[in-house]
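Trainee: Here the protein sequences come in this chain order: A and B.
Heads up, the first sequence is in this note's numbering, so the first residue is 1 and it goes up one at a time.
Heads up, the second sequence is in this note's numbering, so the first residue is 1 and it goes up one at a time.
Since the hints were made in silico from the structure, they are not lab data.
Note that CB positions come from ideal geometry on N, CA and C, so glycine has one too.
Heads up, none of these hints are tricks.
Quick partial rundown of chain B residues pointing at chain A, CB under 7 Å, derived from the structure: (1) L64; (2) P82; (3) M88; (4) F90; (5) Q92; (6) V94; (7) P97; (8) W98; (9) P108; (10) V111; (11) Y139.
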Amino acid sequence: MTSALRVRPTKAGVAKVDGESSWWISAGTIVVLALAWELVPRFLDDRTLFPTLSDTAAGLVRLVSAGYWWSDLTGTLMSVVVAWLIGCSVGLVAGIALGTVPFIRTAITPYAIAVQALPKIVLAPLFIGWLGFGPQSKIAIAVVICFFPVWIDTMVGLALPKPNEFKLMQSLNATRAQTFWKLQLPSAVPMIMVGVKHAMLLAFTGVLVAEILSASAGGLGTLTKQFSSQLNMPLTFAVVIVVVVIAVTLVSIMDVIERRVVFWSEESRSRKS
Amino acid sequence: MVMMMTKTAPLVRAEGVSKEYRGRDTQMVALSGMDLDVMDGEFLSLLGPSGCGKSTALNIMGGLLAPTSGSVMFDGKPVAGPSRDIGMMFQQAVMFPWRTTIDNVLLPVEVFGQSKKKFAAKAEELLSMVGISEFAKSYPWQLSGGMQQRAALCRVLIHSPKLLLLDEPFGALDEFTRESMNSELLRLQAHTKATAVLVTHNINEAVFMSDRIAVMTPRPGRLVGIIDVPFERPRTPELALSPEFAELALKARSMLELT
Numbered sequence: 001m002t003s004a005l006r007v008r009p010t011k012a013g014v015a016k017v018d019g020e021s022s023w024w025i026s027a028g029t030i031v032v033l034a035l036a037w038e039l040v041p042r043f044l045d046d047r048t049l050f051p052t053l054s055d056t057a058a059g060l061v062r063l064v065s066a067g068y069w070w071s072d073l074t075g076t077l078m079s080v081v082v083a084w085l086i087g088c089s090v091g092l093v094a095g096i097a098l099g100t101v102p103f104i105r106t107a108i109t110p111y112a113i114a115v116q117a118l119p120k121i122v123l124a125p126l127f128i129g130w131l132g133f134g135p136q137s138k139i140a141i142a143v144v145i146c147f148f149p150v151w152i153d154t155m156v157g158l159a160l161p162k163p164n165e166f167k168l169m170q171s172l173n174a175t176r177a178q179t180f181w182k183l184q185l186p187s188a189v190p191m192i193m194v195g196v197k198h199a200m201l202l203a204f205t206g207v208l209v210a211e212i213l214s215a216s217a218g219g220l221g222t223l224t225k226q227f228s229s230q231l232n233m234p235l236t237f238a239v240v241i242v243v244v245v246i247a248v249t250l251v252s253i254m255d256v257i258e259r260r261v262v263f264w265s266e267e268s269r270s271r272k273s
Numbered sequence: 001m002v003m004m005m006t007k008t009a010p011l012v013r014a015e016g017v018s019k020e021y022r023g024r025d026t027q028m029v030a031l032s033g034m035d036l037d038v039m040d041g042e043f044l045s046l047l048g049p050s051g052c053g054k055s056t057a058l059n060i061m062g063g064l065l066a067p068t069s070g071s072v073m074f075d076g077k078p079v080a081g082p083s084r085d086i087g088m089m090f091q092q093a094v095m096f097p098w099r100t101t102i103d104n105v106l107l108p109v110e111v112f113g114q115s116k117k118k119f120a121a122k123a124e125e126l127l128s129m130v131g132i133s134e135f136a137k138s139y140p141w142q143l144s145g146g147m148q149q150r151a152a153l154c155r156v157l158i159h160s161p162k163l164l165l166l167d168e169p170f171g172a173l174d175e176f177t178r179e180s181m182n183s184e185l186l187r188l189q190a191h192t193k194a195t196a197v198l199v200t201h202n203i204n205e206a207v208f209m210s211d212r213i214a215v216m217t218p219r220p221g222r223l224v225g226i227i228d229v230p231f232e233r234p235r236t237p238e239l240a241l242s243p244e245f246a247e248l249a250l251k252a253r254s255m256l257e258l259t
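Let the sequences and hints guide you as you build the complete structure.
Mentor: What follows is the structure, encoded as structure tokens:
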């Protein structure tokens with residue numbers, strides 16, 4: 001989940017190292033880490049449990065060249081996408097309902113706080129019990145885990161317009177619907193995008209955890225569990241690397257979409273400059 | 001002044017308008033018993049220090065606030081809420097950053113459910129009148145503060161309101177930009193023949209811009225008198241150097257009890 005850090009908006013100028021020197025720092029850390037990974041397991045004298053970088057690379061090559069796990073990969077990806085789409089829709093609708101109807105906000109807020117505090121993964125056994133080991137329970141668990149940030153960010157985003165902006169709409173005698181479509185929703189889009197990006201990684205986490213919990217489900221989570229129970233650490237690591245590559249790719253795609261959609265927000269403008 | 005003599009019916013008539021805010025055990029009188037007529041076509045300033053109720057009076061005229069007591073008539077009808085014939089401008093430009101400048105100017109047209117196409121030519125004409133037509137497709141955050149307020153001026157004029165309510169519209173700008181914006185405003189007001197009410201705390205600005213100045217003082221906010229400003233239009237910067245100008249500014253100062 002280190003990549004979740006990239007989802008959070010960063011304040012402009014904070015921790016900004018100038019281009020050239022930051023390039024060397026990144027390259028330097030990669031070299032140091034790679035060397036450490038290659039050398040430290042040799043001193044530990046237990047290369048089965050702690051494979052070196054080259055062992056892991058060999059495992060990755062073996063995994064990628066074998067075809068047996070493609071259905072696991074596509075199964076996981078499909079579940080993530082479906083759960084993410086459902087989670088975002090549910091979050092958006094819930095956020096709009098709470099953000100625009102004071103009655104619903106008052107009625108729901110105590111539950112929202114309770115749900116926020118709840119480590120939602122504890123609900124996983126319930127869903128597996130209700131829905132079985134198939135993709136349905138995976139998707140349900142992922143939806144429950146991922147919809148929350150979209151919900152909250154939508155709700156917060158709808159309240160972002162400044163008093164003056166509401167006053168302008170009021171002076172034009174705008175209806176509530178017009179104020180929503182022309183002011184509140186566009187203002188909320190940058191926040192919603194943050195929630196949607198966060199939800200993508202949470203959906204991924206949810207699906208993987210569900211797969212690890214229900215060993216017969218298939219998917220990349222099941223695969224890591226199987227490999228680790230065989231003490232085949234290089235292949236376990238190889239699956240982890242596949243997961244990392246997918247997560248980074250997803251986040252990068254979302255970043256590109258975000259920059260296109262909210263090019264006008266102060267956040268994206270400050271990142272560009 | 002000529003217009004005032006030919007058309008004597010007031011466009012706005014405020015009678016005994018008061019606004020009080022009640023807390024649990026506090027009571028704050030923002031505006032107390034204001035009687036004021038705004039004549040059709042005139043430029044009137046509400047001048048006073050902060051807390052004198054000038055913005056409150058403006059918001060009541062615009063139908064954004066309901067008075068605690070008293071009544072306001074606009075164009076012969078009681079004010080019950082915001083009207084399409086009234087355009088309001090605030091201290092900030094209030095441009096939506098996701099809309100291009102021209103789309104911001106066209107916002108009232110959209111809200112009123114009219115065809116944007118029909119008004120596009122007018123929007124472009126207004127933008128070129130204030131000298132920012134080349135920024136029509138730019139976003140407001142690519143514009144300076146002065147240019148944003150020029151766009152806001154176009155937005156308030158797009159639907160040709162009879163009455164402009166201007167709440168220190170250039171108060172956030174630097175002195176030089178502010179002066180040129182004021183001339184721009186006078187030029188456009190003369191061109192559109194709209195009636196204008198300007199809220200300001202700047203005495204020279206009030207004298208330079210207005211046909212009449214309504215002087216207000218705080219605690220409680222009330223109207224203490226009206227100064228007629230008989231200078232010809234169009235007004236030039238040299239006017240501010242004349243002894244007559246200084247005399248009126250001094251009169252305003254004494255009514256504000258600043259001397």
